[in-house]
Each structure stands twice: as structure tokens, then as C-alpha cells.
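The number in this note's numbering is simply the position in the sequence shown, starting from 1, with 9 added.
None of the hints are false.
Listed next, with one range per pair, are the computed distances between beta-carbon atoms: (1) V30 with Q627: 49 to 59 Å; (2) V203 with E108: 21 to 31 Å; (3) D477 with F184: 27 to 37 Å; (4) T155 with N123: 19 to 29 Å; (5) D111 with K297: 35 to 45 Å.
BS3-like mimics (lysine-lysine), calculated; alpha carbons at most 27 Å apart, straight line: (6) K719 with K550; (7) K109 with K191; (8) K672 with K603; (9) K87 with K191; (10) K171 with K557; (11) K193 with K171; (12) K139 with K87.
Calculated directly from the structure, the hints in this document are not laboratory data. We put the beta carbon where it would ideally sit given N, CA and C, even for glycine.
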Amino acid sequence: MKVFDFPVIKTSIFFITGFLVAYNFEIPSIYLLGLIASISIITLLLLKLDSPLKNIPLVSLIIVSGMYIFSNSYYEDKKQIKLFNKLSGMKVRLYGRVEKVDYAGNDGMIFYLNSHYLIIDRKSVAINQKILTRINLRNSSLPQKTFQRIFSPGNYIRISGKVKLPDEPRFPGDFNNKFYLKSKGINYILESGVFDEYVLVKDDNSIFNYTRYLNDLRQKIKKQIEENFDGLTSAYIKGIFIAEKSDIPADVKEDFVNSGVIHVLAVSGLHTGYIALILIALTSRLRKFWKVLIPSLGLFIFAHLANLTPSVTRASIMSVVVLFVLLFERKNYLLNSIALAALIILTNNPLDIFNPGFQLSFVAVLSIALIYPVMRLPFENLLQEGWKKYLLDLMLISIAVTIGTFPIVATYYQKFSYVSFLANIIIIPLTGIILGGIILNLIVLNTFPLLAGLYKVALSELIQFNFDIVQFFSDLPFAYTSIKNFALAHSLSYYFLVSMILIILVRKYKPVIKVAFIVFLILNYLIYFEVMNVNKAHSIKNGLIFCKMNNSNSVFIISQGKNLLHFYPKSQEFKSLVYDLNVLEKVLLNLNHKKIDYAYIASPAIWLKNNLKKNLNQTSIQKVNEQTWFFGNHENKNVSTTSRSNLNFRYIKNSFTTLVKIKNWLFIISPVEFEKYKTYLNQISGNVALIKPDLDTLVIKIGNNFKTQKIDFNNKSLKIYELNNLNLNESYW
Numbered sequence: 010m011k012v013f014d015f016p017v018i019k020t021s022i023f024f025i026t027g028f029l030v031a032y033n034f035e036i037p038s039i040y041l042l043g044l045i046a047s048i049s050i051i052t053l054l055l056l057k058l059d060s061p062l063k064n065i066p067l068v069s070l071i072i073v074s075g076m077y078i079f080s081n082s083y084y085e086d087k088k089q090i091k092l093f094n095k096l097s098g099m100k101v102r103l104y105g106r107v108e109k110v111d112y113a114g115n116d117g118m119i120f121y122l123n124s125h126y127l128i129i130d131r132k133s134v135a136i137n138q139k140i141l142t143r144i145n146l147r148n149s150s151l152p153q154k155t156f157q158r159i160f161s162p163g164n165y166i167r168i169s170g171k172v173k174l175p176d177e178p179r180f181p182g183d184f185n186n187k188f189y190l191k192s193k194g195i196n197y198i199l200e201s202g203v204f205d206e207y208v209l210v211k212d213d214n215s216i217f218n219y220t221r222y223l224n225d226l227r228q229k230i231k232k233q234i235e236e237n238f239d240g241l242t243s244a245y246i247k248g249i250f251i252a253e254k255s256d257i258p259a260d261v262k263e264d265f266v267n268s269g270v271i272h273v274l275a276v277s278g279l280h281t282g283y284i285a286l287i288l289i290a291l292t293s294r295l296r297k298f299w300k301v302l303i304p305s306l307g308l309f310i311f312a313h314l315a316n317l318t319p320s321v322t323r324a325s326i327m328s329v330v331v332l333f334v335l336l337f338e339r340k341n342y343l344l345n346s347i348a349l350a351a352l353i354i355l356t357n358n359p360l361d362i363f364n365p366g367f368q369l370s371f372v373a374v375l376s377i378a379l380i381y382p383v384m385r386l387p388f389e390n391l392l393q394e395g396w397k398k399y400l401l402d403l404m405l406i407s408i409a410v411t412i413g414t415f416p417i418v419a420t421y422y423q424k425f426s427y428v429s430f431l432a433n434i435i436i437i438p439l440t441g442i443i444l445g446g447i448i449l450n451l452i453v454l455n456t457f458p459l460l461a462g463l464y465k466v467a468l469s470e471l472i473q474f475n476f477d478i479v480q481f482f483s484d485l486p487f488a489y490t491s492i493k494n495f496a497l498a499h500s501l502s503y504y505f506l507v508s509m510i511l512i513i514l515v516r517k518y519k520p521v522i523k524v525a526f527i528v529f530l531i532l533n534y535l536i537y538f539e540v541m542n543v544n545k546a547h548s549i550k551n552g553l554i555f556c557k558m559n560n561s562n563s564v565f566i567i568s569q570g571k572n573l574l575h576f577y578p579k580s581q582e583f584k585s586l587v588y589d590l591n592v593l594e595k596v597l598l599n600l601n602h603k604k605i606d607y608a609y610i611a612s613p614a615i616w617l618k619n620n621l622k623k624n625l626n627q628t629s630i631q632k633v634n635e636q637t638w639f640f641g642n643h644e645n646k647n648v649s650t651t652s653r654s655n656l657n658f659r660y661i662k663n664s665f666t667t668l669v670k671i672k673n674w675l676f677i678i679s680p681v682e683f684e685k686y687k688t689y690l691n692q693i694s695g696n697v698a699l700i701k702p703d704l705d706t707l708v709i710k711i712g713n714n715f716k717t718q719k720i721d722f723n724n725k726s727l728k729i730y731e732l733n734n735l736n737l738n739e740s741y742w
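Between the sequences and the hints, there should be enough to build the whole structure, so can you do that?
The structure is reproduced here in C-alpha cells:
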């Protein structure tokens with residue numbers, strides 16, 4: 010099959026080319042409309058004349074149309090942006106239409122509001138903004154149903170609250186929520202509470218408002234799941250069936266990431282495929298028309314239950330295309346179906362091209378379409394049927410998808426799982442069985458409730474078995490490796506490498522020549538990997554790193570290749586502290602500090618499962634007090650005083666104070682007030698920096714002069730200071 014033999018594939022490629030042009034060059038929409046009109050006239054004239062040049066304006070028309078559609082979504086009205094930026098942090102009133110409900114629970118609701126008017130000082134300003142609206146209902150005395158009725162899809166409402174900008178990354182490697190929301194067409198968030206204004210202006214209970222009925226069905230299913238299954242099982246079922254992952258604990262998600270099966274937790278093509286197979290099996294004895302219509306309708310409902318995520322939408326469109334191809338007895342081409350799905354999704358929402366779910370979903374299917382057939386070539390004459398063929402295909406598809414999606418996984422999760430290949434062989438079929446079990450449980454629950462208990466126990470045990478397998482793979486010492494600063498240049502060069510290897514494999518070269526070429530390409534990629542590193546975080550030889558998080562603060566000191574970590578908890582909630590330890594590991598990794606030579610950890614949470622612990626020097630561990638442990642080699646038996654070649658430090662137990670000497674600088678990390686140190690500091694020659702664990706202020710002594718400066722994190726979690734003989738200079742990432 011030649012790719013360019015199919016109009017849909019060609020159209021999709023030229024259409025997305027228009028996106029790339031518009032992303033790099035902002036052209037006013039009015040100019041693009043004029044260009045579309047002009048090119049359309051030229052195209053019609055050339056088509057009538059049957060000119061050999063007729064394809065040129067046609068291609069140009071598709072590209073410019075892509076530019077126009079993308080520009081309309083990506084580039085915002087500058088006046089509105091200026092207005093909303095000015096109002097950030099202020100209370101406003103908005104009027105608009107509820108588009109989609111992301112979350113509805115006793116503690117609050119999250120939905121998208123297509124806002125039409127902004128009300129300021131009793132004046133209405135016409136706007137056109139999709140706003141993510143979060144409502145905190147923890148202190149509300151009203152029943153949840155009241156709010157679900159007001160904030161139902163299709164309703165027009167008036168609501169008040171505080172406007173805020175989405176959070177930007179707080180440290181290197183942090184999730185970019187601002188960019189993620191931008192991919193959904195959202196630039197602002199409205200935070201609302203129980204004492205704010207909620208007015209239902211128009212209740213859209215029309216029979217044509219199908220989104221409302223599907224949302225009600227989604228909430229009913231969610232309620233039944235929560236009432237009939239315990240916490241973790243309920244959270245997992247909601248995650249893989251109705252795309253509500255907010256209740257899945259962070260440590261469980263981490264296990265799925267480490268095992269390379271995190272895609273299972275996101276409702277995607279895998280889940281849609283299983284739903285399609287179940288629906289096709291149930292309708293197998295019906296006439297051909299109903300065998301297509303019923304599964305298509307079922308996929309439409311399932312896509313809405315999963316909140317129309319890009320991956321589910323893609324899989325549903327492709328499945329429906331395949332069903333209709335079978336109905337009309339035409340041959341189906343996978344690449345053609347992929348192109349059609351991409352064209353439909355991106356025409357509806359061009360910014361989905363930036364969505365991680367969209368990228369993972371389409372790249373995974375493209376990997377099956379392009380990489381899997383090449384991998385299958387050596388086995389063409391082997392294992393033609395039976396369970397061995399099924400197992401071989403499953404293995405090859407798993408490897409192909411892993412190869413294809415590696416850059417996206419490395420970019421968003423910063424990990425590569427060595428065990429994902431084996432884990433997927435077990436988890437993927439098991440997920441299909443679990444999905445079937447969920448559907449069966451819901452049917453029995455609503456038809457024969459007395460039998461529901463038996464099915465519930467069986468499904469719960471199956472899900473627990475699934476968790477056990479994932480945890481087993483996650484806990485293996487070689488389960489995964491961390492990947493830092495995987496940039497766009499790495500991704501582009503990686504896909505170029507894979508393309509070249511595929512071309513070499515399908516050519517009729519001698520095996521020795523093929524192996525030599527492939528080894529040469531891989532070695533070159535590995536050699537130039539560091540050259541392509543565009544890490545914004547400045548790597549320093551001597552200095553300080555402050556990390557301020559929700560539940561802990563950390564001070565990290567570097568001196569000529571050696572380092573010392575101080576971890577101070579602000580909370581006693583172990584789960585929250587484990588989360589902070591995992592974040593700290595990611596921060597230090599992105600700053601090129603994978604190993605920690607010495608560490609004072611003031612929380613027993615370090616002994617729970619976390620990513621930081623494996624990076625600590627555990628050749629010697631001493632308990633300093635009931636809450637603090639010291640990690641690292643030391644020459645003296647008493648950990649209060651330790652002297653090493655590149656790092657001299659002393660820990661004073663009674664005052665929880667650490668003194669660190671680097672060059673002609675003395676760093677004092679202590680909760681003790683500055684005034685109590687002043688006399689002592691005056692007697693010290695050289696420069697001194699006094700750091701309090703709350704990381705609010707920094708006192709610096711240079712010569713005989715003291716300077717107190719506020720540490721302003723500016724909505725970030727990280728501050729980096731580079732040390733020289735005269736001063737501490739802030740280094741930006």
C-alpha cells in the first residue's frame with residue numbers, strides 16, 4: 010500500500026502541515042479567510058479547465074484551511090487576554106453555558122464553562138472564553154443533586170468566583186498544567202465556593218440535549234460504583250471505565266508508571282477496543298445492519314461516558330469506520346482509518362494535537378501500523394495459527410508500541426520501564442477481562458441486585474490480582490530507569506533513527522550489513538544525546554538549592570562534586586511526605602544530581618516506598634533522634650561531626666543545626682533565631698549564610714556587614730544559588 014494513494018491520508022498530512030505553519034507564524038484570521046476565498050476561486054477555475062496544475066491550489070487550500078482552523082483556536086483575542094490577566098486573583102461574575110462536567114462529588118464539581126459575558130460593576134462585557142470552573146462544596150448544606158441540576162451540560166448559568174491563571178511548572182520536569190489546559194482551549198480557571206453566586210438562568214432539558222442525559226448516566230454509574238466497591242477498587246473502576254482518575258492514589262499511579270502500564274489507567278483505544286469486541290460479540294447473531302448500528306451506538310455512549318477524551322474519540326471513530334467498511338464490504342486500511350480519525354478530531358478541536366492523550370493514542374496506533382509489520386517479517390512462515398501465534402502477535406505489538414511511544418513517555422513521565430514488555434503481556438488481557446466484569450457487574454446490579462454481591466467479590470479479587478502483578482513488576486530493582494530533560498530534539502532524532510532502521514530492515518541487504526548500519530545509527534544517537542540536551546536548570550559545582558513544597562522544605566548543598574541534603578517535614582501525613590520525596594527525586598535528577606552523598610532526613614516517611622530512598626548513600630545509616638536519620642559514610646563514630654575531602658559539615662543535635670563549610674563560606678541551617686547567632690557570627694572570619702528551614706528568609710554576612718533578604722519563590726518551588734567568593738548569585742532554570 011502506498012500512502013499517497015489515499016486522499017484522506019494526503020488531506021490529513023497537508024491539513025496538519027497548516028497547523029505547523031500557523032503555530033510558527035501568527036497570521037490574522039481575516040487574511041487567511043481572504044486567502045482561502047482566493048485559492049478556492051483559482052482551484053475551481055483550474056478544475057473546470059482540467060489543468061495539470063489543479064492539484065497545487067488544492068493542496069494550498071487544504072494547508073491554508075488548516076492554518077485558519079488552528080489560528081482561530083490557538084491565538085486568543087489580545088484585548089480579552091489583557092482584561093483577564095488584569096482580573097487574575099479578583100472576584101468576577103460570568104454568564105455562560107456549561108459544556109462538560111469533568112468531576113462531580115460531595116466535595117465539589119469541576120466543569121467547562123463557555124463564558125459569553127463578564128459582569129464587572131453591573132456592566133456586561135462580551136467575551137468568548139472556555140473556562141475551567143472548580144467549585145468547593147465541602148461546607149455546603151445543600152444536597153449534591155442541587156448543584157448537579159444547576160451545573161448540568163447545556164444549562165446557561167451565572168456564577169461568581171475568583172479568576173486565576175493555570176499553574177506553570179514549579180520545577181524542572183514538573184507537569185505543565187498551563188500547556189495542558191491550553192490544549193483543551195482553556196486559558197483561565199474560576200475558583201468558586203459555597204458562598205459565591207450560582208444562578209440557573211436557563212435549564213436546557215430539551216430531548217435533543219443528549220449530553221445532559223449521558224452525563225446523568227455517567228453520574229449514576231459513578232454513584233453505583235462508589236456505593237458497591239471499596240475505596241481503591243472503586244477508584245480503579247472509575248478510572249478505567251468513566252475516565253475519572255482523581256481518586257487513584259499517587260503511589261498506585263507510580264507503580265503503574267514504573268511497570269510501564271500507566272496507559273491502562275487512562276481510558277484509551279485499548280479500553281474502547283475491548284468494549285467494541287464485547288458489543289460485536291453480543292450482536293454476532295443479528296443482521297449485518299444491526300451488527301454495525303448497535304456497536305456504533307454503544308461506542309458513542311461509551312465515548313461520552315469517558316468524557317470524550319482524544320484517545321477514546323480516536324478509537325471510537327476508527328472502530329465505527331471499520332464497522333461501516335465491513336457493512337459495505339470494502340477493504341479496510343489501518344492508516345486510512347487513522348488519518349480520518351485525526352482529521353475529524355483536529356477539525357473539531359485543533360489544540361488536541363498538543364494533548365498527551367492524543368499524541369500517545371495516535372503514535373501507538375501508528376506504531377502498530379508501521380513498526381509491527383516490519384517486526385513480523387522474520388516470523389511470516391512460523392506460528393501461523395493457534396495460541397502461539399496470538400502470543401507472538403501480542404509480544405510484537407507490545408514491543409512496537411513501546412518503541413513508538415518511547416519519546417512521549419520519556420517526555421511526560423521521565424521514565425522508561427524495562428519490564429513494560431512483560432507486564433503488558435499480562436496486564437492488557439487482564440484489563441479486557443476486568444472491563445467485561447465491570448459491565449457484567451453493572452448489568453447484574455440493575456437487573457438482579459440480589460446476585461450482585463457474588464459478582465462484586467469476584468471482580469474485586471480480580472482487580473486486586475491486577476494490582477499485585479503491577480506492584481510485583483514495579484518493585485523489581487531493574488524495573489525502570491529515570492530519563493532527564495528529554496527534549497524535542499531528542500524526539501525528532503529518535504523518530505528519524507527508527508525510520509532509518511525500518512528502511513534498512515525492509516531492504517534486501519545482507520544481515521551483516523543491516524546489523525552494522527543499525528549499530529552505527531544507534532551509537533551516533535547515544536553519542537549526540539547529551540549534545541541535544543537543552544536543560545534549563547543550571548548545573549553548579551558549588552551552591553545551594555532550596556525546594557519548597559506543600560508538605561516539606563529541602564536544602565541541598567553542593568561542593569565540588571559532593572552534596573548534602575536536608576529534608577524538613579511541615580506535615581506528619583506520611584502519604585503527602587512520600588509524594589514530596591518523589592517530587593524531590595525528580596527535581597534533583599533534572600538538576601543532574603542522581604546520587605546523594607549525605608542526607609539528614611527528618612521524617613520516618615523515608616522508610617516508606619519512595620523514589621528518593623534508592624538515591625541515598627545507604628552504606629551507613631545512623632539514627633540521630635526519633636525523627637531524624639543520617640545517610641552516608643562518615644569517618645567519626647558520632648554523626649554530629651563529619652569531615653570529608655570536598656564537604657565539611659557538623660550536625661548539632663540539641664538545636665537541629667547543621668554547619669557546612671565550603672571554601673571561605675560557612676552555611677548554617679538552623680531553626681534558631683538569627684539574633685542568638687549574631688555574637689558568634691561576628692567572631693567568624695569569612696562569609697556566612699544563615700538559612701532557616703521554613704525557607705522564608707536568608708541572612709548573609711560578607712565581611713562585617715549583615716544582609717537579610719526575603720526568599721521569593723514567585724509561585725515556583727525551586728530556588729538555585731551559585732556560590733562564588735564574594736556572593737551567592739541566583740541561577741535561573
